[in-house]
Structures are given as structure tokens and as C-alpha cells.
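Chain A is fixed; fit chain B onto it per the hints.
Residue numbers (numbering that gives the first Met the number 0), protein chains in the order written: chain A, 0 to 315; chain B, 0 to 154.
Worth flagging that the hints you see were computed from the coordinates, not collected in a lab.
Ideal Cβ positions, reconstructed from N, Cα and C, are used throughout, including at glycine.
Possibly wrong hints are sitting among the right ones.
Said to hold, decoys possible - Listed below are several chain A residues computed to face chain B (Cβ distance under 8 Å; list not exhaustive): (1) Q248; (2) S257; (3) S259.
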Amino acid sequence: MPLRLVLSLVLGIYLHQPVFADEDLWLVLQKTASAARELNYQGLFVYQNGATIRSVQITHMYEAGREFTRNVVLDGRPREVFSEGDDIVIFNAKNDKIVIEKRRGQNLFPAMLPTQLQQLRHSYKLKLVGTERVAGRMASVIDLVPNDNLRYQYRIWSDTEYGLLLKMSMMDMQHHTLEQIGFNQVAMLQTKDLDWFQPKIDATKPYVMDDTTELNHIQDNLVVPNLPAGYRKIDQIQLQVPGKAPVQQLIFSDGLASVSLFVEPIVKGMQPRIGKKNMGSTNVCAHVLNGYQLVVVGEVPAQTVEQIAQQVTFKK
Amino acid sequence: MKQQLSALIDGEADIERCEHVFLAAKSTGEVAEAWRHYHVIRDVMRDELFVQSSDMSRRIMAAIDDEPTVLAPAATMVASKVTHIRPQFGKYTWSIAASVAAAFFVGLFVVSQSGVSEPVQIADNDADQYVMAHHNYAPNSATYYIHNVAYSAGE
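Bound conformation, chain A alone:
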């Protein structure tokens, strides 16, 4: 064996294994956040939550500062998700028609980590678990351990060479996996051709634009003064529900976990709801305040949704 190879092997082991200081791990995380957005790749990933499993084919390209993604959901009903930057358009087959929905920017896999990690630093500590092989690639395994019990723990698998997020899981306090998403296979794309960025059009079906998702960004007198530590309000939208008063949706996030607060005036004939519900990784808390129905929903522990529900006040 040539000496150089031996040397690089030894160095490789030395560099990859034991000496990950805290800051190095944050650098790995930073690289992971950027890689998902800046690399060109194509692959197949599987999302798993409880009994639900979905396979998704993804093609992602970063070209001249613009990001293009096409996700084709392979299980269940046909569904194609296109995104260009923050604009997301979904082609959803429903019965005999295709419904086109528009969405705001979301951190879709593998771009799950925010590019600004500052907020995560307040709520999570990083811990190197080791290296593992995922989808034929070597990955550094890193835990994001929460500083409190207001959020779940996350584990990420980051490609040791490219930094691409290969897999991510969310675990409860007892380290049971609640939700998992990861590549089965993935390959870097060499082409710059964007011909794949097209929905599969079925000319025999009517295409219908979903008008109910028009989003109005609004500000009002609604405040949540003491948000759970590390969370902040990132958006507030108004959902138009035909025949009903508009529903306010406030969205809070700690950078990874997100929680929605719904506020809706209680009108005559409407049945107010209260109480808590757990649906796998999702917790729900309903509450009534000053004639308003409040509902808090999030992939967070029960106490986080409760705390938010109890903190809502209306400014005078």
C-alpha cells in the first residue's frame, strides 16, 4: 500500500472521528443547511410518521442563484410539488380533476435546517453520535439535543463529503422516533438542463385553481407576550373560509419546530371547543378566550402548545 494512501487514511480517521469540537459541529450543520439548497441532486426519499409512509422522488437544481425543486409523491394519490425559491405550487389529483394549490416557502426535505442557525443555538446543543452509512453514502450523525422540554430532539445524518442532509428524525424525550425522513438513494446531478421542471399534464382532466389559499398578511391586536423560550413569531396570515369569519393563523418557530395558533371569533351556532389532543408527534390544545376560539397545533410536546394557548391576550 503506498505510503500516501496510508497517511491519508490515518489522517482521515483522525479528522473524522474524535476531534469534533462544538463549533465544528455547528459548521457541519451550517454546511448541511446550505448544501441542500446549493447542490444539484436527484433521489428518492421516504417520509415516515407512525403508520404513514410516503416515497417521494426529488430533483433539485441551483442555477444562477435560483433554486428549483420538483417533488413527486409516489405513494397514494398523485401529487407533484414544484418550488422555485419561496414559491411553491402543488398539482394535486383529486377525483376527476387536478387542483392547483399555491403555498408559501417551506423548508422541504432535505432543506430542513434554517440557513440562519443563530436561533437554533439558543435552544439546542449539538452532540456527535458517529458515522453511519445512509443511501450508499457516509454520513456524520449529529443530535440536536434540546435545552428544555419545550421541543423534541432531532437527529441528522449529513453526507461527509457533500454535506447534504441524508436523513433526519425527530425523537421524544424517551428517544422514540416520532417522525423520520431520509434518502433511499441519491445522486449528484451534472446537467444544467431544466427540462424536468414541468408538471405531468393530463390533458383529459380539468385543472382547477384553489382560491381558498389566498394569503393576507395582517397585523392586529393579538399578542402572545410570553412565548415558550426560543420560539418567535415568524408569520401571521388570514385564512379565508367561505361563509365564515376569517381565521387568523399565527406561526411560531424555534428554527426547527413550528407551532400554529388559530384565532377565530365564536359566532352564534358555532360550538366552542376546549381540551388537548395528541396525534402522534402533533399536539393540539383548544381554548376559549373573550369570545374567540383558540386552537394551537404543533409538532412539539404538549406543554408547548398549552403554554402558547394560555398566553394569548388581546391588546386594548
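Chain B alone, transformed into the frame defined by chain A:
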């Protein structure tokens, strides 16, 4: 772009050569209008109209006015064929009258406001609609790939 849309909707377009049709759908202005317009026109021609709102009906009438020779014969049939489809979101997801399914929960009681009904425990059906809206608009949703219960329930 408008021509491409027209061709696409008529099933005549060479998909490979279309510029990103996606742009049509994501945009809010003229192109989005055109997209809907063409669909409506095609649907009217095929006598299989799906209409979402009264605004849409007005647009159909406008479309008919624009092209009287082509559309007038079909237009007379339209009125009786119009299917008013209430948007999914309103119909299925926010139905407060939804039947109460067996639910597992622990509860807390809140004193009710005067003039409205006594609050009752939140049930599966009530929670689903909010969970779906949460997944739709919150960032970082792996859950995005699931077809929500509420969605399929209404079909």
C-alpha cells in the same frame, strides 16, 4: 405564455417545449388569469364545466362575449350544467357540525362566554382541520407529504 397555456390546456402542447408552466400557476397576475380563463373556455367547449365562484361565472360570461361564434351554442347549455363546487377547505375542513368521532383526550374546562354554547371537548374531526392548516402553512413540514385525513374524508 398565453399561447402556450392555451395549447397546453387543449392537450396540443409539446410538453418538452413549454416554458415552465409552473410559472403560470405560481403567478398571481395576468398569467394566472389566463390560465383560469383558458380552462374555463375549454371546459365550456367540452360541456363539462366546473365553477368555483360567482366571480368565475362572470369571467365565463366575459369569455363568451369575447368569442361569440365559438361559444354561444355551448353557452345556452351552461346554465343548467354549472356545477358549483364549494372549495375543499370550506366544505370539508372547517365544518364545525362535523360528527364527533371517538376521541382520546384529557380535558380541562373553561367557563363559557355568555351568549354562546358551552364549550365541549375537542374531537378528532375538529382537530384535523387545524392540523391540516398548520401543515399547509407552517415552515419545516415533513408532514407535508401526507394526504391529510380531512382531505380524503370529504371525497
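ask   = If you check each hint against the structure, which ones fail?
value = none
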